[in-house]
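Peer 1: The primary structure of each chain is shown beneath.
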Amino acid sequence: MSTINIIDFVYLISAVLFMLGIKNLSSPATAKFGNKLSMAGMAVAIIATMASPDMYGFVMIIIAIAIGAAIGGYAAIKVEMTSMPEMVALFNGCGGAASALVAMAEFSGHTGAFANFTIITLLLSIIIGGLTFTGSIIAYTKLQGIISTRPITYPFQQVVNAGIVFFTLFLAYLVFQNPDNTFAFILIIILSLALGVLAVIPIGGADMPVIVSLLNSYSGLAVSMTGFALNNNALIIVGSLVGASGLFLTKIMCDAMNRSLANVLFGAFGAIDDSVADTGEGPAGSMKGFEVEDVAIALENSESLIIVPGYGMAAAQAQHVTRELGDYLSEEGVDVRYAIHSVAGRMPGHMNVLLAEADVSYDQLYAMEDINDDFSTTDIVLVIGANDVVNPAAKTNPSSPIYGMPILEVDKARTVVVLKRSMNVGFAGIENELFFKDNTMMLFGDAKASIQKVLNALRE
Amino acid sequence: MDTGTIIIGLTIFVLACFAGAELISKVPQTLHTPLMSGSNAISGIAILGALLATGRPESINAESMLGFFAVVFATINVVGGYMVTDRMLQMFKKKKRKKKE
Numbered sequence: 001m002s003t004i005n006i007i008d009f010v011y012l013i014s015a016v017l018f019m020l021g022i023k024n025l026s027s028p029a030t031a032k033f034g035n036k037l038s039m040a041g042m043a044v045a046i047i048a049t050m051a052s053p054d055m056y057g058f059v060m061i062i063i064a065i066a067i068g069a070a071i072g073g074y075a076a077i078k079v080e081m082t083s084m085p086e087m088v089a090l091f092n093g094c095g096g097a098a099s100a101l102v103a104m105a106e107f108s109g110h111t112g113a114f115a116n117f118t119i120i121t122l123l124l125s126i127i128i129g130g131l132t133f134t135g136s137i138i139a140y141t142k143l144q145g146i147i148s149t150r151p152i153t154y155p156f157q158q159v160v161n162a163g164i165v166f167f168t169l170f171l172a173y174l175v176f177q178n179p180d181n182t183f184a185f186i187l188i189i190i191l192s193l194a195l196g197v198l199a200v201i202p203i204g205g206a207d208m209p210v211i212v213s214l215l216n217s218y219s220g221l222a223v224s225m226t227g228f229a230l231n232n233n234a235l236i237i238v239g240s241l242v243g244a245s246g247l248f249l250t251k252i253m254c255d256a257m258n259r260s261l262a263n264v265l266f267g268a269f270g271a272i273d274d275s276v277a278d279t280g281e282g283p284a285g286s287m288k289g290f291e292v293e294d295v296a297i298a299l300e301n302s303e304s305l306i307i308v309p310g311y312g313m314a315a316a317q318a319q320h321v322t323r324e325l326g327d328y329l330s331e332e333g334v335d336v337r338y339a340i341h342s343v344a345g346r347m348p349g350h351m352n353v354l355l356a357e358a359d360v361s362y363d364q365l366y367a368m369e370d371i372n373d374d375f376s377t378t379d380i381v382l383v384i385g386a387n388d389v390v391n392p393a394a395k396t397n398p399s400s401p402i403y404g405m406p407i408l409e410v411d412k413a414r415t416v417v418v419l420k421r422s423m424n425v426g427f428a429g430i431e432n433e434l435f436f437k438d439n440t441m442m443l444f445g446d447a448k449a450s451i452q453k454v455l456n457a458l459r460e
Numbered sequence: 461m462d463t464g465t466i467i468i469g470l471t472i473f474v475l476a477c478f479a480g481a482e483l484i485s486k487v488p489q490t491l492h493t494p495l496m497s498g499s500n501a502i503s504g505i506a507i508l509g510a511l512l513a514t515g516r517p518e519s520i521n522a523e524s525m526l527g528f529f530a531v532v533f534a535t536i537n538v539v540g541g542y543m544v545t546d547r548m549l550q551m552f553k554k555k556k557r558k559k560k561e
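Line by line, the protein sequences give chains U and W. Those letters in the first sequence? Residues 1 to 460, per the working numbering, in order. Those letters in the second sequence? Residues 461 to 561, per the working numbering, in order.
Any given hint could be a false lead.
Each computed DSSO-like pair below joins lysine-lysine, with the alpha-carbon atoms no more than 27 Å apart [claimed, not checked]: (1) W:Lys486 to U:Lys453; (2) U:Lys36 to U:Lys23; (3) U:Lys78 to W:Lys486; (4) W:Lys486 to W:Lys555; (5) U:Lys288 to U:Lys412; (6) U:Lys288 to W:Lys555; (7) W:Lys486 to W:Lys553; (8) U:Lys395 to U:Lys437; (9) W:Lys553 to U:Lys412; (10) U:Lys251 to W:Lys486; (11) U:Lys36 to W:Lys554; (12) U:Lys395 to U:Lys251; (13) U:Lys251 to W:Lys555; (14) W:Lys486 to U:Lys412; (15) W:Lys555 to U:Lys23; (16) W:Lys554 to W:Lys486; (17) W:Lys555 to U:Lys36; (18) U:Lys32 to U:Lys78; (19) U:Lys395 to U:Lys23; (20) U:Lys395 to U:Lys412; (21) U:Lys453 to U:Lys288; (22) U:Lys288 to U:Lys395; (23) U:Lys32 to W:Lys553; (24) U:Lys36 to U:Lys78; (25) U:Lys412 to U:Lys437; (26) U:Lys32 to W:Lys554; (27) U:Lys437 to W:Lys555; (28) U:Lys32 to U:Lys251; (29) U:Lys437 to U:Lys453; (30) U:Lys32 to W:Lys486; (31) U:Lys78 to W:Lys555; (32) U:Lys437 to U:Lys288; (33) U:Lys23 to W:Lys486.
If you're looking for bench data, these hints aren't it; they were derived computationally from the structure.
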């Protein structure tokens, strides 16, 4: 058994550890252990690789690891839970960049002729890794609000993007024919970086959960491609795991919005579209603004409460005070539960993490399909900064852009309290008739401040 | 690279995709963010290729420099991803619910 055989065997062990790690993520009770298994898998794979024959540059490696660990560790400790989508997007981008750089290094260090398969996978790794890198950075800047969360569109956008894709593939063909064509090679790198930017700018803020998931999948795919090129099974296996995980989440997000992936990617959902805005058929009636005391009285007289958080809760950092309110009412004997729509927030599971941070027990959190039948027997629903995911138009109005999207049927509850920042329409620019219903109480203002006031009123 | 090696690689890829999909479909919605950051950390496995690219050249050259930056990026991904996942998972607790009857 040669050293290479031993290293390959260790890679198999680490692949098993990764699989077991994900398997343990099937329950919050075992998830922490699963993450440790996954870390162990990574550690043994790294150690085995360092023990490869003919390794020289240990000093460089140690410096690089120290720099990376310092940056990654610092970011992981400092990041606010509300900013988790941004953090994951950035880490994703790093993964994409790493794959592309490894492929470039392999390309530059290669001696002799390339096998056809090797060069194809190397080029794919560079293209996918490169666009994952810049796409993730754009997603990050959108999530941070550094650039507008509105879709950025221009004429013939899709034609231009498709043209760039074909041109990039053409250049890849040139490099495939002649690996010494450095000019084409560098142009491929630049174009794939540009593609990441161009592909993500037309996508609106509310669609970010899909994009973050999809970029996650791409980073996995890039790793797999690198694995093929280096003939490294560990990379192939892990890349496909991550790729599958990202695609799975992407599909859940698309299903939860009743939209196809193509529609998310090319539909520029949420672009300011005057032709739709003025159809004249706004919901009848008027929004009724209520006072804090009214809401407090309604809550006091209820026996069951379902809290529906949305991105507004994250934006207002209202998760802690929400939990306080929930706990207070629980102690008063109210049955308090939380209903979470799959696309609430800016990434899959965003609301769950925030509520977990605020110390809400995870068995109080319910997914849509587990709680939707219970709204009709619930006294009061508290909607905190959620809009489209509770809009009844998705069920009743075939002309609505969100028609067909599965929603939390909060309007069936006896009373609905909606905490909302202002009278403005939500992100997608769609009127929400829930706000105009007779059994709806609107409480305008910053979610955190509003809940705090309600809580104070209750305690008095 | 001979055709046999390619076929083996593709076989591993396809089977791992199925295994991955099977495992991941069992992850509840509550843990989707940690799943994402955790799988993110795993995708930092590109560090293996990065280590080889940095370590193999006997002196500093283009390959080892590219490898160096690849190691930096991959390490950010691995260390940051695992730490942030661990931080999140620490928060998922099941509390005894107190209720006044």
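Peer 1: Hint by hint, which ones does this structure get wrong, listed from lowest number up?
Peer 2: 1, 3, 6, 9, 13, 14, 19 and 27
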